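Produce the complete structure using the sequences and hints provided.
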Amino acid sequence: MNRRTLLAATTAATTMTMAGCLDDGGGTEDETGSNEELTTPVDRSPPFDIRTVDAPGSEAGTVRIPQQGRVMLINFTRMFCPTSQGFLADVGDAVVRLRRRDIGILSVIDRSVGPQPSPEELADWWREHDGNWTIGMDKHGLLNDHYEISGFPVAIAIDGTGETHWRTDGPTTANNIASGVEAALEAQSRAE
Numbered sequence: 001m002n003r004r005t006l007l008a009a010t011t012a013a014t015t016m017t018m019a020g021c022l023d024d025g026g027g028t029e030d031e032t033g034s035n036e037e038l039t040t041p042v043d044r045s046p047p048f049d050i051r052t053v054d055a056p057g058s059e060a061g062t063v064r065i066p067q068q069g070r071v072m073l074i075n076f077t078r079m080f081c082p083t084s085q086g087f088l089a090d091v092g093d094a095v096v097r098l099r100r101r102d103i104g105i106l107s108v109i110d111r112s113v114g115p116q117p118s119p120e121e122l123a124d125w126w127r128e129h130d131g132n133w134t135i136g137m138d139k140h141g142l143l144n145d146h147y148e149i150s151g152f153p154v155a156i157a158i159d160g161t162g163e164t165h166w167r168t169d170g171p172t173t174a175n176n177i178a179s180g181v182e183a184a185l186e187a188q189s190r191a192e
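First residue of the sequence shown: 1, per full-length UniProt numbering; consecutive thereafter.
Just so you know, the hints here were simulated from the structure itself, not pulled from any lab data.
Take these hints with a grain of salt, some might be off.
What the hints assert, rightly or not - Distance ranges between label pairs, derived from CB positions: (1) 115 x 145: 24 to 30 Å; (2) 93 x 41: 39 to 45 Å; (3) 42 x 93: 18 to 24 Å; (4) 99 x 150: 29 to 35 Å; (5) 43 x 175: 18 to 24 Å; (6) 59 x 115: 18 to 24 Å; (7) 56 x 86: 14 to 20 Å; (8) 54 x 191: 33 to 39 Å; (9) 120 x 69: 31 to 37 Å; (10) 128 x 192: 35 to 41 Å; (11) 45 x 93: 31 to 37 Å; (12) 148 x 115: 26 to 32 Å; (13) 82 x 49: 26 to 32 Å.
As the structure is a computational prediction, the values presented were derived from the model and not from experiment.
Backbone N, C-alpha and C define an ideal beta-carbon position, used for all residues, glycine too.
Structure representation (structure tokens):
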């Protein structure tokens, strides 16, 4: 195989792999098959209430973002994105390092585009990928819009007002994630 053929094959494979990681920006129907929910006005300003599911490290309910006076680590992920799935291990390592810190930790999928799993399907996926912190579903893509997420994975560390103090567009190491959260904690401490 010559170099051009190898490069073309590698590019095609990478493009196919990454296709699940990009936001297509298109709307989708709700679980009942109607578009009624998409035409109902939604308040697109913070704070946002994100539905959480019963899964390892996560309880069914809601989590509010931002949380006044509290730093949060938010991991924007996709179910069928190999890069997002691989990044969960680094997020998990950072979560272990940050357990003693009083921070909120959330991985979230955007249900306004792409796969629309039921809570049970998301919980099964979470178990399969060794998640052990809060997992939620952004039904209307509010967080994605607010934090300008266009590809996956993305991780951010925000303060209690919702201001971003650290961000990575794409995977990074657990050390970098923990350092980003520490930067947000320092900024939060200075603001208080």
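Now the hints, each set against the structure:
Here the CB-CB span from residue 115 to residue 145 is close to 18 Å, at odds with the stated 24 to 30 Å. In this structure, residue 93 and residue 41 meet the distance hint of 39 to 45 Å, their C-beta atoms being roughly 41 Å apart. For residue 42 and residue 93, the hinted distance range of 18 to 24 Å is not satisfied, since their beta carbons lie about 35 Å from each other. Evaluation of the 29 to 35 Å hint for residue 99 and residue 150 yields a pass: the beta carbon distance comes to about 31 Å.
In this structure the hint that residue 43 and residue 175 lie 18 to 24 Å apart at CB is violated, the actual value being about 37 Å. The hint said 18 to 24 Å for the Cβ distance between residue 59 and residue 115, and at roughly 22 Å that hint holds. Taking the beta carbon of each, residue 56 and residue 86 are about 18 Å apart, inside 14 to 20 Å as hinted. About 34 Å separates the C-beta atoms of residue 54 and residue 191, a value consistent with the hinted range of 33 to 39 Å.
The hinted window of 31 to 37 Å between residue 120 and residue 69 holds, with their beta carbons roughly 34 Å apart. Separation of residue 128 from residue 192 is about 40 Å and conforms to the stated range, judged on CB atoms against 35 to 41 Å. Our hint of 31 to 37 Å for residue 45 and residue 93 holds, since their Cβ atoms are close to 34 Å apart. At about 21 Å, the CB distance of residue 148 to residue 115 disagrees with the hint of 26 to 32 Å.
In this structure, residue 82 and residue 49 meet the distance hint of 26 to 32 Å, their C-beta atoms being roughly 30 Å apart.
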